[in-house]
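Chains as they are written, first to last, in the working numbering: chain F, 183 to 582; chain C, 183 to 582; chain R, 183 to 582; chain X, 183 to 582.
Read the hints as simulated data drawn from the structure, not as lab findings. The structure displayed is predicted, hence computed values, not measured ones. Hints are not guaranteed to be accurate.
Note: identical chains are not told apart, hence a pair may lie in one copy or across any two.
Said to hold, decoys possible - Calculated pairs, DSS-like style, for lysine-lysine (alpha carbon to alpha carbon, straight line, at most 30 Å):
(1) K498 to K210
(2) K405 to K515
(3) K407 to K268
(4) K314 to K561
Number of protein chains: 4
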Amino acid sequence: MAPKKGLLERLAEGPVIGDGGFVFALEKRGYVKAGPWTPEATIENPEAVRQLHREFLRAGADVMQAFTFYASDDKLANRGNDSSEKYTCRGINDAACRIAREVADEGDALVAGGLSQTPSYLSGLGKEHTQKEFKNQVDVFVENKVDFLITEYFEHVEEIEWAIEVCLKTGLPVVATMCIGPEGDLHGVSVGECAVRMAKAGAHVVGINCHFDPFVVLEALRKMKNSLEAAKLKVHLISQPLAFHTPDAHKQGFIDLPEFPFALEPRICTRWDMHRYAREAYELGVRYIGGCCGFEPYHTRAVAEELAKERRGLPKASEKHELWAAGLKMHTKPWVRARANRGYWESLKPASGRPYCPTMSAPDDWGVTAGDASLKQRKDATTDAEISELTQRQQKALNG
Amino acid sequence: MAPKKGLLERLAEGPVIGDGGFVFALEKRGYVKAGPWTPEATIENPEAVRQLHREFLRAGADVMQAFTFYASDDKLANRGNDSSEKYTCRGINDAACRIAREVADEGDALVAGGLSQTPSYLSGLGKEHTQKEFKNQVDVFVENKVDFLITEYFEHVEEIEWAIEVCLKTGLPVVATMCIGPEGDLHGVSVGECAVRMAKAGAHVVGINCHFDPFVVLEALRKMKNSLEAAKLKVHLISQPLAFHTPDAHKQGFIDLPEFPFALEPRICTRWDMHRYAREAYELGVRYIGGCCGFEPYHTRAVAEELAKERRGLPKASEKHELWAAGLKMHTKPWVRARANRGYWESLKPASGRPYCPTMSAPDDWGVTAGDASLKQRKDATTDAEISELTQRQQKALNG
Amino acid sequence: MAPKKGLLERLAEGPVIGDGGFVFALEKRGYVKAGPWTPEATIENPEAVRQLHREFLRAGADVMQAFTFYASDDKLANRGNDSSEKYTCRGINDAACRIAREVADEGDALVAGGLSQTPSYLSGLGKEHTQKEFKNQVDVFVENKVDFLITEYFEHVEEIEWAIEVCLKTGLPVVATMCIGPEGDLHGVSVGECAVRMAKAGAHVVGINCHFDPFVVLEALRKMKNSLEAAKLKVHLISQPLAFHTPDAHKQGFIDLPEFPFALEPRICTRWDMHRYAREAYELGVRYIGGCCGFEPYHTRAVAEELAKERRGLPKASEKHELWAAGLKMHTKPWVRARANRGYWESLKPASGRPYCPTMSAPDDWGVTAGDASLKQRKDATTDAEISELTQRQQKALNG
Amino acid sequence: MAPKKGLLERLAEGPVIGDGGFVFALEKRGYVKAGPWTPEATIENPEAVRQLHREFLRAGADVMQAFTFYASDDKLANRGNDSSEKYTCRGINDAACRIAREVADEGDALVAGGLSQTPSYLSGLGKEHTQKEFKNQVDVFVENKVDFLITEYFEHVEEIEWAIEVCLKTGLPVVATMCIGPEGDLHGVSVGECAVRMAKAGAHVVGINCHFDPFVVLEALRKMKNSLEAAKLKVHLISQPLAFHTPDAHKQGFIDLPEFPFALEPRICTRWDMHRYAREAYELGVRYIGGCCGFEPYHTRAVAEELAKERRGLPKASEKHELWAAGLKMHTKPWVRARANRGYWESLKPASGRPYCPTMSAPDDWGVTAGDASLKQRKDATTDAEISELTQRQQKALNG
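Sequences and hints are given; from them, build the entire structure.
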């Protein structure tokens, strides 16, 4: 068998499709705890992680990102998380890489190792300390021969520059995405400037993941693109947005919306939203088109179906989903058969069935960022007294 | 090991938790085609079916219902479905039973074999023909030693009476659920009368599955309960509703809503809706409490968590979900930690993030039922001309 | 000049159009106080009352209902209302009749005198006492030679029977409307039975006013019609609904909606709603078609425009409003000129511009009715302590 | 009697309250035709105009703006408007001034004469021609001894500069407002630059009227204020917004919203919105605080009530409206009495009762401005063929 083409080679040829949001999907399946969001499932329930990888592969994903989100040692031990007592960063990352490789080789997919922002940075522990956390993870990725690296989910451009620096030492291609929107990073750096700094730091692909819906992310990416062009920097663009509608989110994204993380259901994107997302991303020039929290395999399949002509045809999972709802021709009810057409679904404005709920929310705006005491992370669990104090602050914020 | 307790014994002791909606969950994962909705995945991708069973078991389900929905031979060959060329009813059902048994025995769950309504009945082929379709399935269930039988998703009480009659011959406990709401069956039989007729036909457990949201289903079950009491019939009650909000559905349920089946996302219930559902169902006296289309493992876990005291404690998946959002105490952002309390989630009215969409929809009301020519089923595919005619009828209905 | 045709003669010939809601319209103009809702403006600001009469006449109203709502002596003195210190029932009613007659004679309209429910009844003071309050008003109507009488806004069929009895002694035609919906009166009498009892009590025209939107009122009137037919009673039907959408109101109507009375704006009906209302009312067989709270002159004009063919052509105010938005042909912007057609307005689903608000509300359900201590009326003002107690009860109700 | 204080003297002392929207209020009352929106009612129905003036005076307005909106000769003859056959600019303006003066002298109010943008400018007829239209109106204002002049409802800063130039020759104070939002004028001049140019042109008071809701207008005024300060220009600020919520409007305001002008009801502001508006305007430093289309007398009263302490106490109409809903203490139902408090109304999110409608709309974006052929105005009526062509363009725009 010929060796697989590398990431940069693929990007030069056409769109590369990323996979979806592991922490949210596995939380719903019962394998990840919302709150810490750490990926010990790679050791505890490898079959569940493997199955999700397979579904994304089948849906058309070209990348199997090892499930290593928030797997740094400092995060495994943060705020009462007892994962650190049972597992190490090394153990989790190693298991994640092996599962990802196993499934990637069932198809033509690449394996990526991923780093994300750290409690160390947020707590102000400085560059050396933070880079050590990164290095611990990267070492395992190199040992496992991943195909490239992703530094993702960073709110501060300074920290992602540190991460890129560590990654570049491996010689592997580096993809860098921040979880920011059109208003820029949490230190006040504009979104365009963030792109320029990531590119100047050496990342081969730059863009955005998480925190905002596909259309807000594309709005931010347009600004990134303009700034990169103005700075004459040539890098590929990547988008890995939420599969939740967030037109009402402020600077910090869906974390601040009152529905995060346990009542986001009414915001979930449809497959038709994803067709539109894929097309608009492609037309903007984005070539690495994936997803983040909320993306289920059928969202990824919709991206792959929209870009079937620009890629190598339909993904395997489309055997179970004829394009533009054509499978409904087999439905028993005639009015459902009548829905087997593209125009119907493209123009539908889906109702929520929730007339007692609003359509937009006012986000929590606590206005804190790196350096604020309440963002200092630590090993001890949050005490009841602390929670009670926070709840009072919440009530005060809600009552304006 | 002691033999497992049977269904009726368990129901006498306390609540039994059903599993969730396989066709919708597996459609999103890429293994079931919307339209025909047939379960050939039991043969094609057994690992995906097995994984979903495991997730429901882990979430607290006491029943593994073999994935045999719509697996009758007449349905596998309906309207251009080519499953019948590759698989038989016998083959699919057999595979489904073996997977269900394998997972059930990883815990203390029972295995159920399920029948659903047939194209034969809808096309007016009569009792003998229709019961033969049922018998073909039941034979496989008996060979595979399932613990009990479920006749589910019937829109016409007459057809379910025929199904119950076939099932009773096995000597196994029979659970009977129709997919109807407060307005009764599609022949105009009241919901209360449907319950009475199912009980008189010999079903041990009667109730409702699919087509309506949990709270509409409970409203209909209240009527069933009253009629059963008035008729002095003692049977257990079962509810297996959708996990979609459908306050705007008419008699025929979510099938008629314009969002069915590909834009139901904004209607998806939260886990907190399921806490309320479980409590209200239990208080109404329902003892078999499960779910249908839209139920994902985390919905079932919420039912199990709400009823932890009435059962044997928390399900295994609760290791990854502390009660009432307590896991958020480990979140890095203070305002998210502040959400780690029950009151917050119970009172939240979640926004849809879709301000350009309505909150309720007008269902398609084509007013056809069994006997109508457009409901006659057949082996041939729907032609383009037929679809075009249906689309015109749809446009006319929309412009009212 | 030939004498005007009487009400019954007109009803026999075709639709009679009622006027609109004086208390709400004059509250917005600054002449009526929400809370007591009493009509002392007939003495204090006769020019404002006269102008509103003129606008309704111009809009097509065939009836000038003297502005005597809640003008009984017991209401003028209720709960700290100081109107009774300055005015009497006799004085207010007399002024109201004279203004109504003046404007009616500027056209071909009739004058009606109106009675409404009393604090005396609500406080349990009995038939004799209550009828005396009615008699005081009726005497003034007779002296002023009104053309007919209206007993309106009754929540209890028993009280309206007493009112009808008093009115019939005058020999004038009697119109009787209760402010009830499909669920019937506040003693639990069904809406159909209320119609039958009003007709049997001798009313010439029976129906519904206030409390619900046009379409809910028509649903209730359909039930009235069925019951009257079943009882072989021949009377004319009248509808005088709100101009506010109230699909979410319970038995007691818009009073219980959280928005009553100072935040009902998003519920205000458009003129196109009124076209539909007029047509549906006419087709149901309603012949006295008017309005109540929320009706502004342009709503009445829309009713008259819809029924132009069934009446004597367009009302005078239509000189300033060409049918179905045709006046927009003169607009300066081309896309507004494009809206000069019926189809545009009939199919428009108007947005609220309020994405942070729900589309339906949960009404206050305090479950009290006649006889309950908290409904006993009295002359003294409500004390601060009483308000504080009520507010606590409200908070408790809101938090479930 | 001492002579009344002038506008500038009053503005130096504290807030001046403007009156409300005559064309919309009188359209609903049956005296103005939507489409042309011309004020021939001053001659046809002076009593209706007088009554509306009285209501605003009573509600607290310090200014009676003569009802001369769109009363230039070119507008009276535009697109088939036959007003020009019956009336002249001179006649209408003269009548308007006399009515305004009569009512103003019933209190302590000032009379303003108003100019608005012209078809002449829109059609490209140039400065000399356009200023002649202005001069014709101003001459009548001077003859009638109005207290000051308002140039309002201009979409192009160039045209308002021409208007200001004409007005300044009278020696009267000049107030200048454009109907623009945060995105600036329709030639692309920023909102801040518009303010600077109006001030440099000599206007004594500058700001915004119409087209956007109070809170969008204040957002734009904040930008005006910043630009004026940066340019070291000292003028007073004025806001006269819509009483319709327009968060979804684009550059051209509510004209483009699909609901304009006949389905804006769900967007109408409550009195509580106006309390907030008045407070925020005052805190921003705006001293002339009024309203435009949609403002009814009760909206103006709410502004006056909010600013009672900053002015000379409550307006006369507050006799019928105790502050913050206190009048509800006299209501018969206890749960309505419970609403007699400020917190209740301030925190209420009012429902629309329209669950089948969206909460925001997509505006028509035809992208035309001054100079575009479809904006050329003319005397002839729009033909049916032209309307049909526009409707097709509309359909195309809607189907996007």
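(message) Flag every earlier hint the structure violates by its number, smallest first.
(response) 3
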